[in-house]
Amino acid sequence: MSKDVKIVKRTIEDVTKIRRTRLYIPGNNPAMIRNAPLFGADQVIFDLEDGVAINQKDSARILVRNALKSLNFGETEVTVRINPLGTEFFEDDLKEIIPTKPYAIVLPKAETHKQILQICDKIAAFEERNGMPIGTIKLAPIIESALGVLQAEQIALASDRIVGISPGGEDLTADLGAERTIEGEELLYIRSKLLLAARGAGVQVYDTVYTNVRDNVGLLLQTKKIIRLGYDGKACIHPSQIELIHKSFMPTEAQIERAERIIGAYKIAQEQGVGVICVDNKMIDVPVVKRSERILKRAEAGRRK
Amino acid sequence: MKILRSAQAGSLESQDILVTVKKGKAGTGIIINLDSPSLVQYGRKIHEEIEFVIKDFEIEDVKVQAIDKGALGFTIKARTETAIKRAIKKES
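Residue numbers (our numbering), protein chains in the order written: chain A, 1 to 305; chain B, 1001 to 1092.
Hints listed in this document are in silico derivations from the structure and should not be mistaken for laboratory results. Do not rely on the hints blindly, as some may be mistaken.
[To be verified] Each computed EDC-like pair below joins lysine to aspartate or glutamate, with the alpha-carbon atoms no more than 20 Å apart:
1) K101(A) to E91(A)
2) K1089(B) to E91(A)
3) K1089(B) to D58(A)
4) K1090(B) to E88(A)
5) K1085(B) to E88(A)
6) K109(A) to E170(A)
7) K1090(B) to E293(A)
8) K1085(B) to E77(A)
9) K57(A) to E1048(B)
10) K1085(B) to D92(A)
11) K1090(B) to D58(A)
12) K69(A) to E1091(B)
13) K57(A) to E1091(B)
14) K1089(B) to E170(A)
15) K95(A) to D1056(B)
16) K1089(B) to E77(A)
17) K17(A) to E77(A)
18) K1022(B) to D58(A)
19) K1085(B) to E183(A)
20) K290(A) to E243(A)
21) K1085(B) to E96(A)
22) K69(A) to D1056(B)
23) K1089(B) to E253(A)
I would like the entire structure built from these sequences, with the hints used as guidance.
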């Protein structure tokens, strides 16, 4: 590595951006790729992994690469899920995708700290080869095995590239030998553990997909649950799931009104150099201010789409 | 580069294109047979895009059959590139 290599650090924006929905788009489907920005998701994930048949991996990789090079996705954040380390596709995926500068690489089957470091090293090599500052491409690992869950803290802390982590519901329940239920009891501990790991590392956490695309009641139930747990977003496998998830993330009028008053009072207190403030007879400290800021950010996003 | 075998990429889905490449006889050049719903309006452009990719691989003699279903440039180029890569790949 040359001495004058440039490095980009992770910013607050990287780990606080509104990412309520992350829509998976099969990497070998030109029509869906082209329409990706029209669905209204906060982020799209062009999938080169499970959404692509084994004998079409080459085809999808080239199609996604060309799309990223030539299409404009507007405000929609673009990421690519590559094939995992250890597969014959991993290196070719990085080689073709990194130069097109997606916001992040979504990394399936994340299991250990060491593995994340190996992958980051590979990404850095491709960044350098393409004249990009090291750290340009962010990383969003998906934890899909019992071993990965046990290592969640180490994974989340492994690299400054990581902006968020998520559980992979289907693979996880299979690995655990659990049944997948609407209530999601089988994943409660895992969701909680990943949330802690993410917050401990100062990054976001996004939930897995709800696979029954016709069951809006179940989707709503699950989305409300993960929001209460503290999750920042949820993956979608169908555009029809986006609106419902966005609505679920929309704070109530009362929450918005209170958050506005808290932020207002906090600003005045800061200007006047007052340490402790009260709103509605309740003491307001920094965590409450942070939560209020998040409420207002979600409200603003909800008004847009 | 030499075409070693016939190969195909893409599909007949909407906004896709099915590209088949075959070895051409020496000296016959690049022969493209295109079927598209917008042959009059975009036929020439699609032709150029396919040819551009083939020339990039420095392939001289090749027969291309392309069935277009309204693909955009990024898809036409991707499917042509995939078909060629499959056709020139040496068996491991």
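Please write out, lowest number first, the hints stated earlier that are contradicted by the structure. The structure conflicts with hints 7, 8, 9, 12, 14, 16, 19, 20, 23, although it agrees with all the remaining ones.
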